[in-house]
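Trainee: Residues per chain, in single letters:
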Amino acid sequence: MTAVSGTRAVADKSSRRAGPRSRGSRDLPRRLQPLGALLLVAVVIGLPLWMVIATAAKTKGEALNPSFSAPTSWHLLANLRQAFTQGEVLRGLFGSILVVVPTVVAVLVLGAAASWVLARRGGRATAVMYGFAISGILLPPAVITVVLLLRQLGIAGSPIGMVAVYTGMYLSTVIFFMVGFIRTLPLELEEAARVDGASPFTVFTRIILPLLRPVIATATILVCLYTWNDVFYAFFVLGGSNTSTLPLNLFKVASSGIYLNNWNLIFAYVILMTLPLLIVFILAQRRIIAGITSGAIK
Amino acid sequence: MQTALTEPLVKATGPQPSRNATRRSARRSGRSSNHPLIFLAPAFAVITVFFVVPTAMNFVYPFTDWSAFKPGIRSAGFSNFHDILADGSLVSSLRITLIYAALVALFQNLFGLGLAVLLERDTRVNRFARALFFLPVLMSALAVGYVFQAMLKPEGAVNGVIGSLIGRHVTVPWLGSTTWTIVIIALVHSWKWMGLAMLVYLAGLKSIPEDLQEAARIDGAGRWKAFRLIRLPLLAPAVTFNVATALLGTMNGFDVVQATTGGGPARSSEVLNIFIFRTFGQGLYAQSTAMSLVLFLAILVLAVPLVLTLRRREQIL
Chain A
11 MTAVSGTRAV ADKSSRRAGP RSRGSRDLPR RLQPLGALLL VAVVIGLPLW MVIATAAKTK
71 GEALNPSFSA PTSWHLLANL RQAFTQGEVL RGLFGSILVV VPTVVAVLVL GAAASWVLAR
131 RGGRATAVMY GFAISGILLP PAVITVVLLL RQLGIAGSPI GMVAVYTGMY LSTVIFFMVG
191 FIRTLPLELE EAARVDGASP FTVFTRIILP LLRPVIATAT ILVCLYTWND VFYAFFVLGG
251 SNTSTLPLNL FKVASSGIYL NNWNLIFAYV ILMTLPLLIV FILAQRRIIA GITSGAIK
Chain B
165 MQTALTEPLV KATGPQPSRN ATRRSARRSG RSSNHPLIFL APAFAVITVF FVVPTAMNFV
225 YPFTDWSAFK PGIRSAGFSN FHDILADGSL VSSLRITLIY AALVALFQNL FGLGLAVLLE
285 RDTRVNRFAR ALFFLPVLMS ALAVGYVFQA MLKPEGAVNG VIGSLIGRHV TVPWLGSTTW
345 TIVIIALVHS WKWMGLAMLV YLAGLKSIPE DLQEAARIDG AGRWKAFRLI RLPLLAPAVT
405 FNVATALLGT MNGFDVVQAT TGGGPARSSE VLNIFIFRTF GQGLYAQSTA MSLVLFLAIL
465 VLAVPLVLTL RRREQIL
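So the protein lines, in turn, are chains A and B. Under this note's numbering, think of the first position of the first sequence as 11, with each following residue one higher. Under this note's numbering, think of the first position of the second sequence as 165, with each following residue one higher.
Some hints could be false.
Claimed, not checked - Between beta-carbon pairs, the in silico distance windows are:
hint	chain 1	residue 1	chain 2	residue 2	range
1	A	Trp60	B	Glu319	16 to 22 Å
2	B	Ala266	A	Gly133	36 to 42 Å
3	B	Ala205	A	Trp60	49 to 55 Å
4	B	Val281	A	Val111	37 to 43 Å
Just so you know, these hints were derived from the structure itself, not from any lab. Keep in mind that this is a model prediction, so the values were computed, not measured. In this text, a Cβ means the ideal position worked out from N, Cα and C, and glycines have one as well.
The shape of chain A in the complex, shown without the other chains (with noise of 0.2 Å):
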């Protein structure tokens, strides 16, 4: 609480210093605010929405040279439907989804239990056992070794081993920020559970992991976004087999030597590939927000 006094004592120099200021000057800016955020909003996102919207609308000749022009015709659904079957987007998107969702179920089970313990457990072992738990938040995957592992296992290029390879590298994201939010529980909740005879299996289920509601949905949101758009993870675990993800199919897509300069078939792909994201972002706007930023000033 040291911040609180300290900033007192600088708003206290900063008061002899500066002189009071007239109201005018202070509600210029605040009329003209709107305004200028329209107007960025325009130029840094609204001219590269823009970009990929005409783009993907354009015959492939007119698309050579991406510009801001508009599409003399517009052919956005012929190229949408042509990136879906050449994209292979349905391939793409179950292969996205059977990584994806076993991955956060996985996440959120094992880490809930773990970070339940750790949370309550003391003592410098458990803070040991917590800092191994969490260190894979900054330290990056060993991924090439990771496929060897694959490899060895006989899981490499199926979709278990890319969920093996996602929950180990996220579940230190969620056990982070999971002991963070049971550490604000009451334990008498627990505990009259317990005075009750319940078994720590019936504590966790029926007490811990419904009041969990709000942080699950945070690293939910968080392993989602990560898991969907990853490539670098899924090429080397995945390139070559016959799993796909969309963010790998992209890849392929654009780096092949058919579609090279493909613009409009590249931003097709692109706009049916961010699509069930931005749905699930507008249904849970205030709850995603909420969530990621929740633990992050902590």
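Here the structure of chain A is known, so what remains is to put chain B in place on it, guided by the hints.
Mentor: The following block gives chain B in isolation, referenced to the frame of chain A:
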């Protein structure tokens, strides 16, 4: 659902006393059998097998001759490190990665903080603008890279706009400079993630009590002064989080660079992960693992002091 936004923030401002209280009562209720270690087992098993074991293997394979061209794997001493040192790729990739990460950390935080301050008030326009600035965060980094590759081509959209403004045909190769392209890619990377930094800064700004700001205003501090001397220091936890995640996350970056330049021109934007990706594709597995070990050690060396200093600064302020 109105409380959804403020609820975690309230928690974030005052966790210290309650956390201590919880820990004390945990010790009082004592019996560790209430929280059996078996609950840790599955998570720790997965982390150990799929994170720790590969990391340990990553300390062994760089010293072998593992490749796609030989049937067996034999010890090769330091020859891989000698090779990547001798051809200059270790130093250059490490240097490029560090510059790239530092630039992204700088840009992303400047943009994120600027947006948070600009869009702080809860108006309809601001909520709309925030949602749109968050859109790139949802997009795949690979897709973002392709979008900007298209915009920054010599015959691309950006040059088209500049050309029509100054009335002359412009073909600036934005992604073709061995010096400046890495800066441009860092800007693209920051464009993708600035929405997330903005959200974290917005939450940080909201957690600062209104009356502090008001007191400063009454004392006669101007807009800028009140921000710099009062709110900026109180944003320290948000800065810590944003700088640490941006810096260390970008050290491990791949997608944006791969999609914009693929490491070029003349390998001038070849960050460590691009090198790992390229040599893996060429079948030089041992060299990939050697660079992978370099990446691991670089992040380890950066992470420990970074987290410690930022934490300490947070406490002083």
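Trainee: Could you tell me which of the numbered hints above are not met by this structure, giving the numbers in increasing order?
Mentor: Of the numbered hints given earlier, the structure breaks none, since each of them holds.
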